[in-house]
Each structure stands twice: as structure tokens, then as C-alpha cells.
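> Listed in order, the protein sequences are those of chains A and B. For the record, in the first sequence the residue sitting at position 197 is 197 according to my numbering, with numbers rising by one throughout. With positions in the second sequence counted from 1, the corresponding number in my numbering is that position plus 1000.
Calculated directly from the structure, the hints in this document are not laboratory data. If you're wondering where the values come from, they're calculated on a predicted model, not measured in any experiment. Glycine included, every Cβ here is placed at the ideal spot set by N, Cα and C. Any given hint could turn out to be false.
Here are a few chain B residues that face chain A, going by a calculated C-beta distance under 8 Å [what the hints assert, rightly or not]:
{"id": "1", "residue": "Leu1271"}
{"id": "2", "residue": "Leu1296"}
{"id": "3", "residue": "Glu1302"}
{"id": "4", "residue": "Ala1309"}
{"id": "5", "residue": "Pro1310"}
{"id": "6", "residue": "Glu1314"}
{"id": "7", "residue": "Arg1354"}
So you can see what is in the structure, the chains are spelled out below.
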Amino acid sequence: MSARECPRVVIVDDHRLFRAGVRAELGEEVAVVGDAGSVGEAVAIIREQQPDVVLVDVHMPDGGGVEVIARVAEEQPDVRFLALSVSDAAEDVIAVIRAGARGYVTKTISGAELADAVRRVAGGDAVFSPRLAGFVLDAFAQQAGGGPDAQERAVADRELDQLTPREREVLRHIARGYMYKEVAQSLGISVKTVEAHVSAVLRKLQLSSRHELSRWAVQRRLVSLDGP
Amino acid sequence: MASAQAPAGQPRVASATSLRRPLDRALLGGVCAGLADRMGIEPLVVRVVMVMASTVGGLGVAVYAVAWALIPVTPESAVSGRRPGAWRQAPLIVLAVAALFAGVHLAGSHVGEGLWPLVLGTCGLALLWRPTVAQEGSGPRRRPTLREYVNRPAQVGAPRLIAGALFVAFGSAALLHAVGVQHSLGKAIWAVAIMAAVLGLVVGPMVVRLASSLSWERSARIREQERAEVAAHLHDSVLQTLALIQKRAADPREVAGLARRQERELRSWLLVRPGEAEQDTVAGALERAAAEVEELHRVPIEVVTVGDAPLDGELEALVQAAREAMTNAAKFAGSERVDLYAEVEAERVEVFVRDRGVGFDPESIPQDRRGVRDSIIARMERHGGRAAVRSSAGEGTEVELAMGEETAA
Chain A
1 MSARECPRVV
11 IVDDHRLFRA
21 GVRAELGEEV
31 AVVGDAGSVG
41 EAVAIIREQQ
51 PDVVLVDVHM
61 PDGGGVEVIA
71 RVAEEQPDVR
81 FLALSVSDAA
91 EDVIAVIRAG
101 ARGYVTKTIS
111 GAELADAVRR
121 VAGGDAVFSP
131 RLAGFVLDAF
141 AQQAGGGPDA
151 QERAVADREL
161 DQLTPREREV
171 LRHIARGYMY
181 KEVAQSLGIS
191 VKTVEAHVSA
201 VLRKLQLSSR
211 HELSRWAVQR
221 RLVSLDGP
Chain B
1001 MASAQAPAGQ
1011 PRVASATSLR
1021 RPLDRALLGG
1031 VCAGLADRMG
1041 IEPLVVRVVM
1051 VMASTVGGLG
1061 VAVYAVAWAL
1071 IPVTPESAVS
1081 GRRPGAWRQA
1091 PLIVLAVAAL
1101 FAGVHLAGSH
1111 VGEGLWPLVL
1121 GTCGLALLWR
1131 PTVAQEGSGP
1141 RRRPTLREYV
1151 NRPAQVGAPR
1161 LIAGALFVAF
1171 GSAALLHAVG
1181 VQHSLGKAIW
1191 AVAIMAAVLG
1201 LVVGPMVVRL
1211 ASSLSWERSA
1221 RIREQERAEV
1231 AAHLHDSVLQ
1241 TLALIQKRAA
1251 DPREVAGLAR
1261 RQERELRSWL
1271 LVRPGEAEQD
1281 TVAGALERAA
1291 AEVEELHRVP
1301 IEVVTVGDAP
1311 LDGELEALVQ
1321 AAREAMTNAA
1331 KFAGSERVDL
1341 YAEVEAERVE
1351 VFVRDRGVGF
1361 DPESIPQDRR
1371 GVRDSIIARM
1381 ERHGGRAAVR
1391 SSAGEGTEVE
1401 LAMGEETAA
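Kindly produce the complete structure, drawing on both the sequences and the hints.
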């Protein structure tokens, strides 16, 4: 889509009241073309409407954002997802990002900020809230120091498995509450470069098979160790 | 394999695969039926064999008694299959008859084989060792049959204890007698050894059973306590807040504040991992400070923390300084929200408090704003840390607090 166009949005959340609220808040800035209260409904309406952006709740009774993305992403690679949740549990948020969401914002976000985030995701960028930046820094945290298994890690680490110092610096600024524009200003780089760094971090987060990340995930119960 | 052959809803087939006593099909204690199920033959065959074995010095009786003691009943028959009736007390009667028979046998003739004392003792031990069946079951209350007395040692131990002990005493006395008659020298050692062994056998299972019943009670109590704790917590927090929200429905700002505080509180309660609950950490202290400031000044504070560490004196000062920075931001900046970011590493802790408010010129902090100079900068320096304030009019303010090795430079 071009930047002029108004992004078409589908809202997926199991709370009807919340969907109505988001619809009202987004106002004229984006076109809400549908909403859904369950994974099944969501898949159907996404197929039908082909929206630019899907706002998905992390938690839903029948699987949540991860399930919606898993069912739709492959057949419709152009649809982009933005996770929207009250959940602060890092493992849930990281799971949705790893499933393919291009960002995460909390439900306390203002309407204008949310519209802005939707536009950015529609344009192919990643949207990192301070909280998500914190989670990511936490997930990639252990690599900096030389822990007891530093040797092993040095062998295992690939480019995907760690953040560059610059990426880390960008994330720290975002976690501190800086907007992309302010991050650029503070670091003396362009906004485009900031966006590129954030997108790179998103890619690493989605593709990394880094054992630290999986261990962290297990600790935080992201990966279920029991069950089939 | 067992489960594949025993589909649910067919308890008889299911019970055939493991050794259980089906009380609903029992003549005496269900031992023969159970064995027959297990071996896949007619119960009658087993019963005949058992009776025949009993004629060989009482061997069958002993085997039956031990099997009765050790084999648990099928769960479904333990609950529903018990038919009332005097003949249900048959195992006890059989044991009594056996004992009587043995007594007569002892008095009448010489106990050459030493087999009958063993049978007697075995029967006594079987009584004492009977595993607890459906101990926690809470069926309708009625006067228990003698049989049920026997089946529930934890609650009704005394009659069984006495009966069993009598059997065992009788048996061991007979054994002693049998042994003592033939060897007249130094048999006191034997006597002591046998008595000690018998005592151990009698008391041991009692102790074990007592301990296990205690631990079951304890875990039940813990479960109950946990449930009560959750209920109490929800009552004190969520329900109270909901009541308050209903009362203050006219004031959206107040309602938002209440909801937010409750959300924060509930979330921190939910996210606490067992074992971590007690320890006071930097992240926890910052969260609490943020919640307090937010409540006082009604400005939302987003707290993001990376890493964590136990709280010590210096870090306590850091938290206090951060609290002051948050208070300033909430009170004077007029910002819609305040961001707090804390990064805790092994050697270094950094905290950033950021607002998008009016800002000010850090060079000309008004005299009355002592908070910044005293409570933030001076406090951090006193504790070996560092504080920096970046602000400009209209752009908001950021307070940076750092403590750790790098800050000395």
C-alpha cells in the first residue's frame, strides 16, 4: 500500500467491549474493516477482507494470537500482525512475536499512538513498545557477560543469536520511553536507521534458535516441557 | 498393553490386568477371585486349590491371610461393591477358627513341624499389616461391620491391634516352645531375637502408616490453605476495588487510577514465582515505588526492568532517588505518562526516568525544587552512585541514575 492510503485493519479480541473501544479510538485514521472474537472467526474474516494489518490479542480462549498467525501467515504473507494485549508475561509476548507479529503494544496505548503503530506496521516496520524492548533485552541479556558456559556459547552463537551493540543501544532507548525520532536524535543517526535496527532485532527474535533464548523461554514457561 | 486391552467403562476387564481383590464377587476376602482374574481362570479352581493347601499344615490359610493383607481391593468395589451381611466377617472367623484349631493342635500333640506357629503368626501379621483402603473415603455414616473395622486400621486400630498381637504372640510363643524343647542351651538369645523381630514387625508398619496418614493430612491442609489464600486475596483486592469503582463511577480519572493500581497489584501477585516471593529485589522495589507515586499523583508510570538483583543499602538509595524522580515527573512535568526503565546487571545498575512534560533548565533548578539536588543527585553521590538530569523546556526531562563500577570514573 502507499503511504497516502488508509490502512485496512481487522481487530481480533475475545472481548467485544474492547473491540468496540479500539474501533472508536482508531477513529478516522485507519479503516477498521472487521473484527473477530475467536480464532476461527478471525481466520475467516482475514481471508475475506485481506486487511493490511490485524490487531491480535495475545490471549484468547481458543489459542490467541499465535494460533491466528499460524493459520493465516503462510497463505497470506501480505497480512501483517500487531500484538495488542494487557498481558505482561514476557513468554506470551515473545511467543506471538516469534509466530510472526511485527510488534507489540499494550492496551493502555492511546488511540493516536495505536493508529500510528498500525500505520508503521502496515508500512513494513516493526513496532516496539518500551515493554517489548525490555523483554527483548532481557531475553538476549546473558550473552554480554562471560558466564560459566561462555565458551560453549561463543561456538554456538551466530549472527542471528545476538544483538549488535548498536541494536542494544536502540532498544535501551526505546525501553526508556524514547520515540524513534528521539532515539535517532540521541544516537545521531537517521530515523530510517533506527527503523532498520528495530526490524533487524525483530528478525533475530523470530529466527534465532539461540539456546539461551530457548532456555530463557523454558524458564519463563514459553515452551511447554510436558504434553505431546 | 494393559490399558489397550481394558477400555474404560469395563472395570472387570480392567481389574483383571492387575492383582486386585474384587469385593463385589468375593466369597471371603476376594483373594481367590482376584487371583483367578489375574491368571485368567475360573475362581472355583483357585478356591479348591486354596482349600486343599489349607489341609497341608494350614499352608493355604497362611497364604490366604498374607494375600488378603497385601492385595488392595478394586477401587470400584471398595466404594460400591461392599454388600452388608454377617458372612462378610468370614475372614476373621476363619482366622479365629484357624487359631482355635492351632491351639487345640498345640495342646493335644507335639508341634514337631513348627509350621502351625508360623501360620498363626502369619495370620496375626496379616491383620496388623492390612493396607489402608479408601482411608479418605467419606461414605454415608453407619455403624461399621466388624469387617469394615478390620479394613480401616487408621481409624479403628485397637481391636485389630489386639487381635493381631494375640495371634502373633501365640504364634511366636509356640515357635519358641517348639524350638526350646529340642535345644535347652542358650535359647534365651533366640528368644530375645525372635521377640525383637516380632516387636519390629508389629510396630514398624504402624509407624509407617501413621507417618503416611499424617503426610496426607498435611498436604490436604496445605491445599486448603492455598485455596483460602487465593480467596482472601481476591476478596481484599479485586472485590474491594470493584466496589470502589462502582462508587466512583462518576470520576473517570479516579476509576482509571483504581483500575490501574489493581491491575498492577494483581499482575505482580500472579507473576511472583514460588520461592521468589519473599526476597526484596530492585525491580520489585521500583515497581512498588512507581505504584505509590502513580497512586499519589494519578499519572501512569510505565515500568520496564531488565534483570534483577537483591535489594541492599545502596540499591535502596537508588530506588529512593528513582522514586523522587518519578514524583517530580508526575507532579511538575504535566506529562501524560512517565517511563521508568531499569537495567540491572551484575556490576552495574542503571535507572532512567523519562517524562514528556514541560521540562526545565537543569542549570537553574529553582531553590524550592530541592528534590532534584538533595534527594536525587546528592543521595546518589552519597552512596557511590551518579545522577544526571537532562531536560529542556518543552521537550520533557530524563533523570539518569547509575550505580556500580563504571560510575566511579
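> Please write out, lowest number first, the hints stated earlier that are contradicted by the structure.
Per hint list: 2, 4, 5, 6 violated.
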